[in-house]
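K.L.:
What follows is each chain in one-letter form.
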Amino acid sequence: MERPRHQGMAKNTYMRWRLPLVCLLWEVAMIVLFGVFVRFGPEADAHWEEEKKELNLTSDMENDFYFRYPSFQDVHVMIFVGFGFLMTFLKRYGFGAVGFNFLLAAFGIQWALLMQGWFHSFKNGKILIGVENLINADFCVGSVCIAFGAILGKTSPIQLLVMTLFQVTLFSVNEYILLNLLHVKDAGGSMTIHTFGAYFGLTVTRILYRPNLEQSKDKQGSVYHSDLFAMIGTLYLWMYWPSFNSAISEHGDAQHRSAINTYCSLAACVLTTMAFSSMLQKKGKLDMVHIQNATLAGGVAVGTSAEMMLTPYGSLIVGSISGIVSTVGYVYFTPFLESRLHIQDTCGIHNLHAMPGLIGGIVGAITAAAATEDVYGKEGFIKAFDFTGEYQTRTPSVQGGFQAAGIVVSLLMAFVGGAIVGGILKLPVWGDAAAENCFEDEVYWEVPEDEESDAYHMHNPDKPASP
Amino acid sequence: MERPRHQGMAKNTYMRWRLPLVCLLWEVAMIVLFGVFVRFGPEADAHWEEEKKELNLTSDMENDFYFRYPSFQDVHVMIFVGFGFLMTFLKRYGFGAVGFNFLLAAFGIQWALLMQGWFHSFKNGKILIGVENLINADFCVGSVCIAFGAILGKTSPIQLLVMTLFQVTLFSVNEYILLNLLHVKDAGGSMTIHTFGAYFGLTVTRILYRPNLEQSKDKQGSVYHSDLFAMIGTLYLWMYWPSFNSAISEHGDAQHRSAINTYCSLAACVLTTMAFSSMLQKKGKLDMVHIQNATLAGGVAVGTSAEMMLTPYGSLIVGSISGIVSTVGYVYFTPFLESRLHIQDTCGIHNLHAMPGLIGGIVGAITAAAATEDVYGKEGFIKAFDFTGEYQTRTPSVQGGFQAAGIVVSLLMAFVGGAIVGGILKLPVWGDAAAENCFEDEVYWEVPEDEESDAYHMHNPDKPASP
Amino acid sequence: MERPRHQGMAKNTYMRWRLPLVCLLWEVAMIVLFGVFVRFGPEADAHWEEEKKELNLTSDMENDFYFRYPSFQDVHVMIFVGFGFLMTFLKRYGFGAVGFNFLLAAFGIQWALLMQGWFHSFKNGKILIGVENLINADFCVGSVCIAFGAILGKTSPIQLLVMTLFQVTLFSVNEYILLNLLHVKDAGGSMTIHTFGAYFGLTVTRILYRPNLEQSKDKQGSVYHSDLFAMIGTLYLWMYWPSFNSAISEHGDAQHRSAINTYCSLAACVLTTMAFSSMLQKKGKLDMVHIQNATLAGGVAVGTSAEMMLTPYGSLIVGSISGIVSTVGYVYFTPFLESRLHIQDTCGIHNLHAMPGLIGGIVGAITAAAATEDVYGKEGFIKAFDFTGEYQTRTPSVQGGFQAAGIVVSLLMAFVGGAIVGGILKLPVWGDAAAENCFEDEVYWEVPEDEESDAYHMHNPDKPASP
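Top line first, the protein sequences correspond to chains F, U and Z. The opening position of the first sequence corresponds to residue 1 in the UniProt record's numbering, with each subsequent residue numbered one higher. The opening position of the second sequence corresponds to residue 1 in the UniProt record's numbering, with each subsequent residue numbered one higher. The opening position of the third sequence corresponds to residue 1 in the UniProt record's numbering, with each subsequent residue numbered one higher.
Honestly, I wouldn't trust all of these hints.
Pairs count within a copy or across copies, as identical chains cannot be separated in the list.
[As the list claims (entries may be wrong)] The list that follows gives simulated cross-link-like pairs (lysine-lysine, BS3-like), each with its CA atoms no further than 25 Å apart:
id : residue 1 : residue 2
1  : K126      : K378
2  : K282      : K217
3  : K426      : K52
4  : K219      : K123
5  : K426      : K53
6  : K285      : K219
7  : K285      : K217
8  : K123      : K285
9  : K383      : K11
10 : K426      : K11
11 : K378      : K52
12 : K383      : K52
13 : K282      : K126
14 : K378      : K123
15 : K11       : K219
16 : K52       : K285
17 : K53       : K378
18 : K126      : K283
19 : K426      : K123
20 : K283      : K426
21 : K11       : K283
22 : K11       : K282
23 : K53       : K126
24 : K217      : K11
25 : K11       : K378
Honestly, the hints are just simulated from the structure, not real lab data.
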């Protein structure tokens, strides 16, 4: 079966030496750096038996593994199946969606273990890792998966790896500024993951603007079954988001509370998304794009505040608003961004992550500013905001101010970082495809010839049984 | 691409104002009611630090979150992916299956948190919620997902929301009668979830009987890939059912035992289902309808007894029988119900939930009646059946009798409730489709034009490369 | 729609009486054997309340259920969704892939509970089971799923059941020799599951060699969406592999460490697989076969050593190498095995399980031999290798030798067992299909007629709107 339209490709997308070189060199670098720096943390090291005695722990259950591993696995599914399959909605870019997401995340988690490790788990010259590091590495990569959504279908795998390298680095710096210097709370990452990741990706796609992208417009849509594949991604993100927002919260009530708030917010978000999806379409029909994406905004929008005393009804309110904002965004903002601002946002991450991420940051700042000892209890108040050591005199309203500052820092980091990385990705050496070949797996993948319909529709005399 | 056959729709399925109105009004109602009533339970509240001291708990691990959260997430997957994808088997109703299930469940869990909260978690004017409430809300919604199976493809999203509102209410009343008034054990919900949900749904579909449904018969089947999507649902239900049946059992041995019994029952069920699927078909070929559904009957049928000392071989027996009953049901009962009793049961919930639910109730009654202190141990006996307080003199055989009464109450509730709700849903204001448009996503969804086969089969001279 | 090419089937594939007979007889046998032998272990029995006091346990959390149940569920997903969907890559064998895997695993776990129970959990004439037995049963069946990969599409369901019966038996014997007689560590099963399972399957497929298999060559490929279904399997195997390798490790640091090592190994494996997939293809394009399979080799290759102090960088090295070996295997070894050695390996298990399994065994032997008290700590050293009782004088280098012996025993068991079982399966009574009907669901399944493309491509004048 000849597919002549690809023979005249305008750009060199040949990956044979470039992609293997990047993958192998970088993996060797990872091995060397891990060899020099990474070791097991005390709870994963065989010396734990002795550690346990020193810490007077009576049970293996006190190992952090049992507090966090189930949540870790849920987060892991969100990164690889959730994001991967969410992006398979395009009719002929399923391999790229799930495969490149797999590639960039697998590299990203290694680099994130190092970057975050240097900032947060560095002791006596070694990075000591445990299950919490694995979760944080997945989180960090989550911000790259988000940015990937903006440039889906328009970039080569090498560009994605290069972006991952830089974005993980910038993420870790931004995270360090927020969590350590500003002493900000952001367990579910409204600011560090969503706001940063989304505006970073939007800036990158702005720099990589393709004026002739309408040449591949016929491939930018979905087909019936690709929309169902995408729903697998949606649902796993939606179901496991309570684990995402609670995974690295303090043991006990904080994890418990985070899960409940997120559950409530997401439930409300589904209803307002359905309402506005129907309302904003002339014929009143529901649009799978909204259902696949805007239903998740509720998880993003409580990312900062879920572990606080947001309360279930507060969560419902936040979830309801974010579903509305996100759906409205898909209908009105995305076309505007593309036509006026030249921001081509394949998956609409502006609606799913950027705006809800900002909402999440703001809600977090307000919730923190409104905190009282009465609501949290004396000890709970200190524990919830970690008002100890040099921060023991910080008041809720000051905390609210720092939370707000965290949003601004994340935005600046995203715009500046995105502009620089976008510039690097624009260099003509990374093997991205021409506009007419975007959103098309055949550029980088061996694609099977779909003879199925021929082989099984033999009653059509115009189709030979074995082509 | 014109699809003229829909232009002459006999009924008004226009959702643009009705669906948004219902969704938004009800979500506002949820927010108000949550604001008035719902607060964090002690284990999710920031006061937990103080609570812990009062209760003399030495570890955060004692927070119920760690006992139940992994099971909660499994149950959550069953409700949204399990039921959602199980119903995608229809060739052109995948969006409706997974999307409407998403909608009704997201609304249902909010309403269930309130309804069940008023009955079971109400203290000083507030509903105090924790992870067990989330599980119970998911359970309650499970009974709505079951009923949805009977009317799949024949109802509008508004009808589904109306049904959810009433069914959750009735479920909670029935559950209260069984668990609190009759003091019945039903951790996996053979009676409260499956028997009630299925007979409720069957009654509703009977009331909504469509005499001309054969007009959409061509759409009632599956296609190859839709059957594979459905298998995703089947497998997640099958794999996580041990979590379903053990999620709200007592800590320790009861949860452990429930999981083992359910695992055994489900394994046996697969073999008898395969056996009868092949045996009852002239050519001896396996039928995906049976594999997708009857293999799950084993989980339903130990829903009441799994936490009791049913024993592994008892579970194998129950699972074997339920697989047979369910498969026979698909082959003989479903056609009979449709032609004679005018019960059009799209997914065959009579075979998967109704009959196995009854078996489950009966097995539970027998297992309870047969309980002895010898088998359970003195303390285990009291703990297993909660024979404390006013029930400390209840004997196993009396308990068996009450268990049996629970079945009867559930059936009555289902029939009466289903008849009333069915009557409400029959009102001509909810926007359901005409018979010839049933099982067709295009009525309520924006459906992509599947040009894939055109774009990729260019060797067929009759199909233009770019249509 | 007539499909005349199947009317002249050369072989009798009629299952109507044979399959039900096998399923039902064997299920009855299971019930009888379970009735005689299987009981709840102390932690799942209602006597646990008393047991707890005897053991001086202060919390229900000490029940093994809470240490292992989350991992169990992940493993369960790997066996049923992971293996099941991984094998749906064939264009017309998705029902068989996921359905037969379901059947053989459901039978296999029952038989494995018995076989492994007799060897490892037998007390006073009873097999006492708990969550660890469920995990081990799943593991055992995992080796059958692996072997199934070699003969996928070429065998009848009865053959698969017969193979399962024998393979589970041999697996249990081999496992007993390794774990109990040789006192070998193999928590993730590089030797017992992967090496044994793969070489067993390869031997069976060698015996069942079909010289005319090219007659069904047109069905041996994938179609676009079948490759995406397979990616569901791949990702669930990849994501949950840390749970697989840690599921039955000692509580505490060993489980924690296993998960980290496996996470690292798998991440590295993805990069080298992508590199070599691109490098070994003339046009530099990525091949879904490699991405679906070789990315998993990293999990196999640390199956023995993950719970040891392999260290994160050690894991990266092992993962990197195994990804390369596996990808090279798909490109060069699989064609060689087929053309020269007459080993027709449908899924390429030689590359995904056999070679990485051997690597895993060898890495385990080396890591054990290199162990020192300095690295593990005095107590950790003894605990990690269980150097107690009669083994308290065993040195690491001796342990390394026994580990190596474990590889040899597993290989011998696989070759001899596979040859015998292959011979049994070659008997002409099991109803396998003729060569031209291999890889074709229609032989054993009711397959829906895919009228979808007709019904929805009405603009093609050659296709009637309602066929």
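K.L.:
If a hint holds in the structure, say so; if it does not, say that too.
P.N.:
For each hint, the structure was consulted:
1. K126 with K378: Answer is between; shortest inter-copy Cα gap is 22 Å, intra-copy 37 Å.
2. K282 with K217: Classified as within: same-chain Cα gap 22 Å, cross-chain 30 Å, threshold 25 Å.
3. K426 with K52: neither (53 Å within a copy, 56 Å between copies)
4. K219 with K123: neither (51 Å within a copy, 57 Å between copies)
5. K426 with K53: neither (56 Å within a copy, 59 Å between copies)
6. K285 with K219: both (22 Å within a copy, 20 Å between copies)
7. K285 with K217: both (23 Å within a copy, 24 Å between copies)
8. K123 with K285: Neither way: K123 and K285 sit 57 Å apart in one copy and 43 Å across, limit 25 Å.
9. K383 with K11: So K383 and K11 fail the 25 Å test inside a copy (56 Å) and across (59 Å) alike.
10. K426 with K11: within (13 Å within a copy, 54 Å between copies)
11. K378 with K52: between (30 Å within a copy, 14 Å between copies)
12. K383 with K52: both (24 Å within a copy, 14 Å between copies)
13. K282 with K126: neither (60 Å within a copy, 42 Å between copies)
14. K378 with K123: between (32 Å within a copy, 23 Å between copies)
15. K11 with K219: Answer is within; shortest intra-copy Cα gap is 19 Å, inter-copy 34 Å.
16. K52 with K285: Result: close neither inside a copy nor across copies, 59 Å intra and 51 Å inter.
17. K53 with K378: between (31 Å within a copy, 13 Å between copies)
18. K126 with K283: So K126 and K283 fail the 25 Å test inside a copy (61 Å) and across (42 Å) alike.
19. K426 with K123: Neither. Shortest intra-copy (39 Å) and inter-copy (61 Å) distances fail the 25 Å Cα cut-off.
20. K283 with K426: between (41 Å within a copy, 24 Å between copies)
21. K11 with K283: between (42 Å within a copy, 14 Å between copies)
22. K11 with K282: Answer is between: at 18 Å across copies they meet the 25 Å cutoff, but 40 Å inside does not.
23. K53 with K126: within (23 Å within a copy, 37 Å between copies)
24. K217 with K11: within (18 Å within a copy, 35 Å between copies)
25. K11 with K378: Neither, since 64 Å and 61 Å both go past 25 Å.
The structure does not agree with the numbered hints 3, 4, 5, 8, 9, 13, 16, 18, 19 and 25 stated previously, though it agrees with the rest.
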